[in-house]
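First to last, the sequence lines map onto chains A and B. So the numbering used here is basically just the index in the first sequence, starting at one, shifted up by 2. So the numbering used here is basically just the index in the second sequence, starting at one, shifted up by 2.
Note that these hints are calculated values from the structure, not bench results. Among these hints, one or two may not hold up.
[Claimed, not checked] Taking lysine-lysine and the BS3-like style, the derived pairs with C-alpha atoms no more than 30 Å apart in a straight line are:
1) Lys200(A) with Lys200(B)
2) Lys320(B) with Lys9(A)
3) Lys324(A) with Lys9(B)
4) Lys475(B) with Lys420(B)
5) Lys53(B) with Lys84(B)
6) Lys420(A) with Lys471(A)
7) Lys471(A) with Lys422(A)
8) Lys475(A) with Lys53(A)
9) Lys471(B) with Lys53(B)
10) Lys482(A) with Lys420(A)
11) Lys324(B) with Lys9(A)
12) Lys84(B) with Lys352(A)
13) Lys324(A) with Lys352(A)
14) Lys482(B) with Lys422(B)
15) Lys422(B) with Lys471(B)
16) Lys482(A) with Lys468(A)
17) Lys471(B) with Lys420(B)
18) Lys320(A) with Lys9(B)
19) Lys352(B) with Lys84(A)
20) Lys422(A) with Lys475(A)
21) Lys422(B) with Lys468(B)
[What the hints assert, rightly or not] DEER-style ranges, computed between Cβ atoms:
22) Arg460(A) with Ala297(B): 51 to 57 Å
23) Ala87(B) with Ala525(A): 55 to 61 Å
24) Glu35(A) with Gly317(B): 36 to 42 Å
25) Asp64(A) with Gly317(B): 18 to 24 Å
26) Ser11(A) with Asp519(B): 24 to 30 Å
27) Tyr210(A) with Thr318(B): 54 to 60 Å
[What the hints assert, rightly or not] According to the in silico footprint, chain B covers these stretches of chain A (three or more CB under 8 Å from chain B):
28) 62 to 73
29) 88 to 98
30) 115 to 124
31) 140 to 152
32) 171 to 178
33) 194 to 203
Don't be surprised by glycine CBs; every beta carbon is placed ideally from N, CA and C.
2 protein chains.
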Amino acid sequence: MSRKVAKASLESMYRIFTVPEAPGSTLGRINQEISRNLAGFLRAHIVAVEKDIDDMEADFSDTLIPEDPVFVSEQAQFLLDKLVAQSVHTASPSFIGHMTSALPYFMLPLSKIMIALNQNLVKTETSKAFTPLERQVLGMIHRLVYQQDDSFYTHHLHDPSVALGAMCSGGTIANLTALWVARNAAFPARGDFHGVQKSGLVRALREYDYDDAVILVSERGHYSLRKSADVLGLGSDAVIAIPTDDDNRIRLDALRETCLRLVNARTRILALVGIAGTTETGHVDPLEAMADIAAEFGIHFHVDGAWGGPTLFSGTYKHLLKGIERADSVTFDAHKQLYVPMGVGMVVFKDPTHLRHIEHHAQYIIRAGSRDLGSKTLEGSRPGMAMLVQSALKIIGRSGYEILIDQGIDKARLFAEKIKAHPDFELITEPELNILTYRWCPAPIQEALAHAPEPIVRQVNDRLSKITKEIQKTQRARGKSFVSRTRLTPARYDHHPCIVFRAVLANPLTTPEILDDILEEQAGIAREDFLNEYRHAIDHLLAAPAASHAGAR
Amino acid sequence: MSRKVAKASLESMYRIFTVPEAPGSTLGRINQEISRNLAGFLRAHIVAVEKDIDDMEADFSDTLIPEDPVFVSEQAQFLLDKLVAQSVHTASPSFIGHMTSALPYFMLPLSKIMIALNQNLVKTETSKAFTPLERQVLGMIHRLVYQQDDSFYTHHLHDPSVALGAMCSGGTIANLTALWVARNAAFPARGDFHGVQKSGLVRALREYDYDDAVILVSERGHYSLRKSADVLGLGSDAVIAIPTDDDNRIRLDALRETCLRLVNARTRILALVGIAGTTETGHVDPLEAMADIAAEFGIHFHVDGAWGGPTLFSGTYKHLLKGIERADSVTFDAHKQLYVPMGVGMVVFKDPTHLRHIEHHAQYIIRAGSRDLGSKTLEGSRPGMAMLVQSALKIIGRSGYEILIDQGIDKARLFAEKIKAHPDFELITEPELNILTYRWCPAPIQEALAHAPEPIVRQVNDRLSKITKEIQKTQRARGKSFVSRTRLTPARYDHHPCIVFRAVLANPLTTPEILDDILEEQAGIAREDFLNEYRHAIDHLLAAPAASHAGAR
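Go ahead and model the full structure; you've got the sequences and the hints to work with.
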């Protein structure tokens, strides 16, 4: 195809900064379509069937930056054909495998205002009113979690010497920030020692006479914690995974034992992390009891509420998070269940002086004593996403979020019932919040597994895992609906790894009929030819347990 | 004011996810205004005169999340009155103090598509074609910097086992990622030791028999480096600031000496950081010579090109960055001189296997061997900003960016001439790229300072600093134009600290007339009453040097 070639000139460069896209242009039309009917736009332009990955990569393979400008209309058409068409329909009500869901309509025009203003939150000189706005949003989430009184917020909200939290790009940076604070607070300056912040870990452990410093979390902890431990110089092995009970919650007896063992081994426990909604199964750790243990051993108690934090909006379900108000810090993701666009997260600290442990200053910005937010964040330049979070909190309101949270949990329970009632599936984890897992495992196989000897169970489970994985991949490729998958170690199968479907019921537009369709599509895929051999192998194994048992050894 | 109260219901919650804002609504009107005439919108709605900070904070002081939903129109009006009005006019051509400048018009509709798609780049399941797109953008910047041949990019661009770089929220995370890689690469696994990534810094130094690990950068290094050293467990004191010459460039003799001293002291130098465009003065370190020193001592060579990287687009000025192609890693900010909205940065690595040193996996996502970008980034969930970067690179093109870069540098030189020719100002640093610094210091005072004894010079400089600071604050508060300020230690004044104006000439819409106006406004402020006393004090000091000298002791 022969391309029209534009020539760059000073005039053409002025033009891109001063002349808006004409409403009739390709980009103008796309925009009107999105404004008028977002759902229709996504439906019309995202193709259902996946393109081959090699073909997709071929569309994005040129590494030479073009010498001459490409026309805006040409690029817009390119994006529509090659990118939008092959993007993921995260807003689709039949895509229940992601933590990224539909967005409220008002987010689109508000985001445009945010982009147009292009503020930089690192310092007041490039953010002005956005600075108190961001502090207000952090105050709102702080209050949701910690419920302090009016005078507390009057006193601290806009006091530049403290901070109720830090806003960031997402849960990973939020968790990292919390652990960074915990590490620095554990080894402060004293005597000739200038603190771990200035003098580093090696000197800190020597000064405080520890051999090691670790972080405790259940084995369901998010991988960002291991990554954080790596970044922080502790090493990812410093995250000690505590076993979980049958409901994926941290085992308090094991936690207590570990604490005792570590304290006796001259190991400093920097943080205990409780999970409010595990990524894989949505379970909530026993936060109240964990707070007790943290208090007993003098450990920073962090709660990763990236997923489950907004459960606090629900009068019905907030009791599940009881004890979160005793956490020293809490991670809260806005681009998950606050329904704000990707990527904005937060971490709030019970003690407004806690973030001082990571304070950094510079001459040209964030001078000591200034109101600049950048002195107490890991990131430097940051966009004004706080505007979207504040708008969501106000336009949806406490009672609106309650409805969204409640309908998600109720729908997950309904889906669990459907799975249990379906002859082809086995529910693996009951939903505590709005996440559940299940797998393909017809009733007769479930029945047989209950009585089969352990080696047979293992072999059958391996084959079931392959089937569940195949179904998940096939369903995704067909593009009509989507559930994700993960690997769990269910107690009922002696903690042998099993691949399971994972459903996240956060999209308010997902209906019970859609859930039925998803199950039927999966059952249909399983009935197709290519799975027959697995099925035969399973039947064979279960029919002759003794022989297979011997053979497996 | 009595507020209309909405009531949240399941239906009203569905509505916000399914019903677009009416074109005639408050938000609809704001949006059309922005699309039609962004500059006009910003001019009309951002008020010139700063509101008192206390009043501004009062508008954002409620920490209770409203129980009932606020109407979208009410929130839109609130944002217009309280937030937009009091935001910073970053796009204004007379605001030459920020690194945040105007945006090309096409960024607005493209951003809307990005928000509407709401992809999450952590894994292909939530980003699909955005994954190869992001890899392409990293490849484009890699090629701009390293100029490898076609076969290199054919081989590595989409190979999931390697990565040409990592995209992130901005320069701070980019620098941190580079130093994280450098630290982990310095202490890899060997024998029984599992590497610093798993086992942490204390064991790493013990295993490799070092007392210390440090990072070298000139005293003009960005504060994100000290922050990174803190995060990484090295401690911020591990950043050793090498003195600079009169042009704010690292002194190679001092650098070499420091390297020799450290090597003899069993200190591991993790990284040497060269600056391509210092934040304060825009100067570029002698990268070629630094690459030689890094090679000689076997040190990871990182270049912080957050500001100056795009100078590579200019045939005329790219020679200033000679040697950058020998860096192991380079930071590049897209929200600065690539004119993409806040916040997106990148770090590219010469060696495509280098990012393996920070690889992390999890079961449910970014499984080993997958194409998921999240295995080699510090952040987890990330937005699809790569789409905006690719569009900018294509729509502006190499030659378009060259024009933007050249006009900025040429304008800075013109401004420097204007300052030198103006009787009231003193140029402090000549522009190498498009940044310069100057201060209020009328010609007679400059003349007198050249001959005054050192204690007098110091006292006069302190007073001049106060005046420059006052002028800067007053000009900012008036809201017509804006330059920033910083504190430098010019060689001509025996490295005594001086507060200076800092001008960043990145907005293509800034005209020579605007530069004249800015100087005249500053000169006018200085002539006003409140500065007279300073002026008298200065004259007095300079008139009686001997007496003052004695008095100062």
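Status of the hints after comparison with the structure:
At most 30 Å may separate the alpha-carbon atoms for a hinted pair to count; Lys200(A) and Lys200(B) meet this at roughly 23 Å. A distance of roughly 21 Å separates the Cα atoms of Lys320(B) and Lys9(A); the hinted pair therefore holds under the 30 Å criterion. Restraint check for Lys324(A) and Lys9(B): satisfied, since their Cα atoms lie roughly 27 Å apart, inside the 30 Å limit. Between the alpha carbons of Lys475(B) and Lys420(B) the distance comes to roughly 22 Å, so the proposed pair stays at or under 30 Å and holds.
Between the alpha carbons of Lys53(B) and Lys84(B) the distance comes to roughly 10 Å, so the proposed pair stays at or under 30 Å and holds. Our distance criterion of 30 Å between C-alpha atoms is met by Lys420(A) and Lys471(A), whose separation comes to about 21 Å. Between Lys471(A) and Lys422(A) the CA atoms are separated by roughly 20 Å; this keeps the pair inside 30 Å, and the hint holds. A hinted pair counts as satisfied when its Cα atoms are at most 30 Å apart, and Lys475(A) with Lys53(A) qualifies at roughly 14 Å.
As the CA atoms of Lys471(B) and Lys53(B) are separated by approximately 20 Å, the hinted pair is consistent with the 30 Å bound. The straight-line distance between the Cα atoms of Lys482(A) and Lys420(A) is roughly 20 Å, inside the 30 Å bound, and the hint therefore holds. Restraint check for Lys324(B) and Lys9(A): satisfied, since their Cα atoms lie roughly 27 Å apart, inside the 30 Å limit. For the suggested pair Lys84(B) and Lys352(A), the alpha carbons sit about 29 Å apart, so the restraint of at most 30 Å is met.
Restraint check for Lys324(A) and Lys352(A): satisfied, since their Cα atoms lie roughly 15 Å apart, inside the 30 Å limit. Distance restraint check for Lys482(B) and Lys422(B): the Cα-Cα separation of roughly 23 Å lies within the 30 Å cut-off, and the hinted pair is therefore satisfied. Of the supplied pair hints, the one linking Lys422(B) and Lys471(B) holds, its CA atoms being roughly 20 Å apart against a limit of 30 Å. Pair hint Lys482(A) plus Lys468(A) holds up; C-alpha atoms about 21 Å apart against a cutoff of 30 Å.
Simply put, Lys471(B) and Lys420(B) have alpha-carbon atoms about 21 Å apart, close enough for the 30 Å limit, and the pair holds. For the proposed pair Lys320(A) and Lys9(B), the alpha carbon gap of about 21 Å is at most 30 Å, so the pair holds. Between Lys352(B) and Lys84(A) the CA atoms are separated by roughly 29 Å; this keeps the pair inside 30 Å, and the hint holds. For a cut-off of 30 Å, the pair hint linking Lys422(A) to Lys475(A) stands: about 22 Å separates their Cα positions.
Proximity of Lys422(B) to Lys468(B) is assessed by CA-CA distance (about 21 Å); at most 30 Å being required, the pair is judged to hold. For Arg460(A) paired with Ala297(B), a C-beta distance near 54 Å keeps the hint of 51 to 57 Å intact. For Ala87(B) and Ala525(A), the Cβ-Cβ distance of about 58 Å falls inside the hinted range of 55 to 61 Å, so the restraint holds. Between Glu35(A) and Gly317(B), the C-beta spacing of about 40 Å keeps the proposed range 36 to 42 Å intact.
Look at Asp64(A) against Gly317(B): about 21 Å separates their beta carbons, and that is inside 18 to 24 Å. The hinted range of 24 to 30 Å is satisfied by Ser11(A) and Asp519(B), whose Cβ atoms lie roughly 26 Å apart. Take Tyr210(A) and Thr318(B): their Cβ atoms lie about 56 Å apart, and the range 54 to 60 Å holds. With 12 residues bearing a CB less than 8 Å from a CB of chain B, the segment 62 to 73 of chain A meets the requirement of three and the coverage assertion stands.
Given a C-beta distance limit of less than 8 Å, the hint that chain B covers the segment 88 to 98 of chain A holds, as 5 residues qualify and 3 suffice. Residue count for the segment 115 to 124 of chain A with a Cβ under 8 Å from a Cβ of chain B: 7. That meets the three needed, and the coverage hint holds. Look at the segment 140 to 152 of chain A against chain B: 5 of its residues bring a Cβ nearer than 8 Å to a Cβ of that chain, three or more, so the hint holds. Check on the segment 171 to 178 of chain A: 6 of its residues sit with their Cβ under 8 Å from a Cβ of chain B, so the three-residue criterion for coverage holds.
Closer than 8 Å: that is the beta-carbon criterion, and the segment 194 to 203 of chain A has 7 residues meeting it against chain B, so the requirement of 3 holds.
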